[in-house]
Amino acid sequence: MKIMKIVGVSLKSILKHKLRTALIELAILVGIATLTVVVSLTQGANKLIMKRIQNFGPDAIMVHSGGGKMRGPSTAQQANLTKKDISDIENISGVKFATPFQVELDMPLKYDNQFTTSWVMGVEPDWRDAWRRGASKGAFISNSDNEQLSRVCVIGVTTAKELFGKADPIGESILVKNISFKVIGILEKRGQSPAGTDFDNLILIPFSTASRRLMNQPLYTSMLRVIISDPARAKHVAGKISGILRENHRLASTQEDDFRISTAEQIAKMIKSTSKTLGLFLWLIAVISPLVGGIVLMNIMLMAVSERKREIGLRRALGAKKRDIIFQFLTESVVLTFSGGGLGVGVGVIIAIFVRHLGKPISISWQPFATAFVISVLIGLFFGVYPAKKAANLDPVDALNQ
Amino acid sequence: MIELKNITKSFQNGTIKTDVLKDVTFGVQRGEFVAIMGSSGNGKTTLMNILGCMLKMSGGSYALDGVDIETLDDDQLSDLRNKKIGFVFQSFNLLDGTSALDNVLLPLVYAEEYPDDARERATQLLESVGLGDRIHYKPGELSGGQHQRVAIARALVNDPAIILADEPTGNLDSESVREIMDILKRLHKQGKTIILITHDINIARYAGRTVFLRDGKIYNEEVSK
Chain S
1 MKIMKIVGVS LKSILKHKLR TALIELAILV GIATLTVVVS LTQGANKLIM KRIQNFGPDA
61 IMVHSGGGKM RGPSTAQQAN LTKKDISDIE NISGVKFATP FQVELDMPLK YDNQFTTSWV
121 MGVEPDWRDA WRRGASKGAF ISNSDNEQLS RVCVIGVTTA KELFGKADPI GESILVKNIS
181 FKVIGILEKR GQSPAGTDFD NLILIPFSTA SRRLMNQPLY TSMLRVIISD PARAKHVAGK
241 ISGILRENHR LASTQEDDFR ISTAEQIAKM IKSTSKTLGL FLWLIAVISP LVGGIVLMNI
301 MLMAVSERKR EIGLRRALGA KKRDIIFQFL TESVVLTFSG GGLGVGVGVI IAIFVRHLGK
361 PISISWQPFA TAFVISVLIG LFFGVYPAKK AANLDPVDAL NQ
Chain D
1 MIELKNITKS FQNGTIKTDV LKDVTFGVQR GEFVAIMGSS GNGKTTLMNI LGCMLKMSGG
61 SYALDGVDIE TLDDDQLSDL RNKKIGFVFQ SFNLLDGTSA LDNVLLPLVY AEEYPDDARE
121 RATQLLESVG LGDRIHYKPG ELSGGQHQRV AIARALVNDP AIILADEPTG NLDSESVREI
181 MDILKRLHKQ GKTIILITHD INIARYAGRT VFLRDGKIYN EEVSK
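Going line by line, the protein sequences match chains S and D. Quick note on numbering: my numbering labels position 330 of the first sequence as 330, and the sequence is numbered without any gaps. Quick note on numbering: my numbering labels position 220 of the second sequence as 220, and the sequence is numbered without any gaps.
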């Protein structure tokens, strides 16, 4: 096959001109390595976002007391959700159940002579089902704890570490705002919230204890977590909840909501918009550096063409058609960028692993490889065409007499 | 086999127009050995390039094997060079760092079909020019005369009808000159049509007929005994 013969010619030439080969491969390597790292970083970030959304729960709808555009949890002082609100919401079709909880941020905690602050949440036993998160050790808040206004708590691993170090906290008593609570369990580790706060720096106490003893909010609930049966209908159910609350709170159509409702979808949108700017900047670098590699390729190939005029003239004299010459030089370009791209992916992955060891979220999967190979071949074709055409269009007589 | 009629060729360099060939007419029969004689600057290399279908003429007509060259496009000219013409250059034009064998095989890369016996054929040709023991040598390891012998083997690998030799001995010592000319003579005897371009009357004498070129025109023809 003629094509295979010409590919052979190209490969020989690549092996023969070692410095040129090394320079082009280096240029492509840098470009593709950059691209690989950026793709890995972006995927890592996306994975993290997905994980945070998973933490939020795709089948969950959060209802916050108080309107406005503030983010984060609503505290017990802002609470305005009534018992009727909750039972009305639970009656919406598609809603499995709703669990109320009270939140107080950055409460001072004390054990022995250790101090720390953490979130305190007053919860009912079905909080565990709503968050799919129970006690990894010891017991969870029970119905009788709630009925008896018990002063017991389940603590997150971060809080436990702050107060107890490596010692076992279960059975010990801690002071929350000078009220003593007995630790009955350790909460399952969860990581970060969608907004990036530590979900393990918190303590759970019975809802009734929180409302009446600690937060002085016996009538209203600050937050509600609603679990629905079909995540795809989250938006629809959220609309219904909004309607019910507006009616129950007797809001006129001109008045703004005095509550906030969030779904997993909204959370995802919010996070993505904040990471967009940085992502754009990274992608700009990732796109520019392979292009620079392509320009280097074009330069060196142009030089090669003028260095090898005589060879080109000879080939033309012996019967090479223009397209044979184009094919020869284009093959050289593509083989060079392809192998440079391969090395670039390797280097990129090594850098990515290194960055992961520094604690940045990085995902290494097949996509960067595919992207890099496709991009490097495209660069070879795009930036190789001009030098190849130039070679083919040389006048054979002039080229031979160089 | 070759019919040239009223060939003219001029080059434009800026505003200066140079007429290199002015009305050249001659023919070459199949199996003939023709020398084109002329001192340098008389247009013989230009004529050679036109004969080799590498250069378009400015006027006149050129028929090779009954085909009007003017009617062929670039690809067809490439095929024609590949199949019908074997080039032998003054400066050999071998590829560096490439073995004698691979140099001989080069025209076959561009042939329509790569023959199965290509290597045997190339080896035989190298043997026939006395380089059977050096087929894997690279140009850097061969002498000038040996370079030209490789080049002749390369010109023959596609079994062309015509050998076009442009000052094939111009860069060689006298002993190599004799070797090369003996090879060309032998090829002529085997039936090849040979066109030899030279400025040396002693070289031209090897040919059966000599065409004298001066100032872009043919001014004399001479048939050897």
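Please keep in mind that the hints were generated in silico from the structure rather than gathered at the bench. The structure displayed is predicted, hence computed values, not measured ones. Keep in mind that a hint or two might mislead.
[Claimed, not checked] Straight-line C-alpha distance at most 20 Å; calculated DMTMM-like pairs for lysine to aspartate or glutamate:
1. Lys269(S) x Asp59(S)
2. Lys390(S) x Asp73(D)
3. Lys161(S) x Asp198(S)
4. Lys235(S) x Glu90(S)
5. Lys110(S) x Asp59(S)
6. Lys309(S) x Glu113(D)
7. Lys56(D) x Asp395(S)
8. Lys5(S) x Glu3(D)
9. Lys2(S) x Asp23(D)
10. Lys5(S) x Glu32(D)
11. Lys322(S) x Glu112(D)
12. Lys309(S) x Glu112(D)
13. Lys56(D) x Asp398(S)
14. Lys322(S) x Asp23(D)
15. Lys137(S) x Asp200(S)
16. Lys390(S) x Asp74(D)
17. Lys12(S) x Asp73(D)
18. Lys2(S) x Glu32(D)
19. Lys137(S) x Glu188(S)
20. Lys5(S) x Asp23(D)
21. Lys177(S) x Asp106(S)
22. Lys161(S) x Asp126(S)
23. Lys18(S) x Glu307(S)
24. Lys2(S) x Asp116(D)
25. Lys56(D) x Glu32(D)
26. Lys189(D) x Asp74(D)
27. Lys321(S) x Asp117(D)
28. Lys322(S) x Asp79(D)
29. Lys185(D) x Asp75(D)
30. Lys16(S) x Glu175(D)
Each hint, compared with the structure:
1. At roughly 16 Å between alpha-carbon atoms, Lys269(S) and Asp59(S) fall within 20 Å of each other, so this suggested pair holds.
2. Distance restraint check for Lys390(S) and Asp73(D): the Cα-Cα separation of roughly 19 Å lies within the 20 Å cut-off, and the hinted pair is therefore satisfied.
3. Restraint check for Lys161(S) and Asp198(S): satisfied, since their Cα atoms lie roughly 13 Å apart, inside the 20 Å limit.
4. Of the supplied pair hints, the one linking Lys235(S) and Glu90(S) holds, its CA atoms being roughly 16 Å apart against a limit of 20 Å.
5. Between Lys110(S) and Asp59(S), the direct Cα distance comes to roughly 36 Å. Violation of the 20 Å bound is thereby established for this hinted pair.
6. For the suggested pair Lys309(S) and Glu113(D), the alpha carbons sit about 26 Å apart, so the restraint of at most 20 Å is broken.
7. Of the supplied pair hints, the one linking Lys56(D) and Asp395(S) holds, its CA atoms being roughly 11 Å apart against a limit of 20 Å.
8. Taking the CA atoms of Lys5(S) and Glu3(D), the gap is about 35 Å. The hint is violated against a cut of 20 Å.
9. Restraint check for Lys2(S) and Asp23(D): the C-alpha separation of about 40 Å exceeds 20 Å, so the hint is violated.
10. Simply put, Lys5(S) and Glu32(D) have alpha-carbon atoms about 35 Å apart, too far for the 20 Å limit, and the pair is violated.
11. For the hint linking Lys322(S) to Glu112(D), the alpha-carbon distance of about 15 Å falls within 20 Å, and the restraint holds.
12. Proposed proximity of Lys309(S) and Glu112(D) is contradicted: the alpha carbons are some 24 Å apart, above 20 Å.
13. A threshold of 20 Å between alpha carbons decides the hint, and for Lys56(D) with Asp398(S) the separation of about 13 Å falls inside it, so the pair holds.
14. Distance restraint check for Lys322(S) and Asp23(D): the Cα-Cα separation of roughly 31 Å exceeds the 20 Å cut-off, and the hinted pair is therefore not satisfied.
15. Only pairs whose Cα atoms come within 20 Å are accepted, and Lys137(S) paired with Asp200(S) is accepted, the gap being roughly 14 Å.
16. Annotation: proposed proximity of Lys390(S) to Asp74(D) holds, straight-line Cα distance about 16 Å (limit 20 Å).
17. For the hint linking Lys12(S) to Asp73(D), the alpha-carbon distance of about 30 Å lies beyond 20 Å, and the restraint is violated.
18. Among the hinted pairs, Lys2(S) with Glu32(D) is inconsistent with the structure: their alpha-carbon atoms are about 33 Å apart, more than 20 Å.
19. Restraint check for Lys137(S) and Glu188(S): the C-alpha separation of about 8 Å stays at or below 20 Å, so the hint holds.
20. The straight-line distance between the Cα atoms of Lys5(S) and Asp23(D) is roughly 42 Å, outside the 20 Å bound, and the hint therefore fails.
21. Under the criterion of a C-alpha separation no larger than 20 Å, the hint pairing Lys177(S) with Asp106(S) is consistent with the structure, at around 11 Å.
22. This hinted pair does not check out: Lys161(S) and Asp126(S) have alpha carbons roughly 26 Å apart, beyond 20 Å.
23. Under the criterion of a C-alpha separation no larger than 20 Å, the hint pairing Lys18(S) with Glu307(S) is consistent with the structure, at around 14 Å.
24. Distance hint between Lys2(S) and Asp116(D) is fulfilled; the C-alpha atoms sit about 13 Å from each other, no more than 20 Å.
25. Of the supplied pair hints, the one linking Lys56(D) and Glu32(D) is violated, its CA atoms being roughly 24 Å apart against a limit of 20 Å.
26. Between Lys189(D) and Asp74(D), the direct Cα distance comes to roughly 33 Å. Violation of the 20 Å bound is thereby established for this hinted pair.
27. Simply put, Lys321(S) and Asp117(D) have alpha-carbon atoms about 23 Å apart, too far for the 20 Å limit, and the pair is violated.
28. For the suggested pair Lys322(S) and Asp79(D), the alpha carbons sit about 11 Å apart, so the restraint of at most 20 Å is met.
29. Only pairs whose Cα atoms come within 20 Å are accepted, and Lys185(D) paired with Asp75(D) is rejected, the gap being roughly 32 Å.
30. Taking the CA atoms of Lys16(S) and Glu175(D), the gap is near 34 Å; set against the 20 Å cutoff, the hint is violated.
In the structure shown, a violation is registered for the earlier hints numbered 5, 6, 8, 9, 10, 12, 14, 17, 18, 20, 22, 25, 26, 27, 29, 30, in ascending order.
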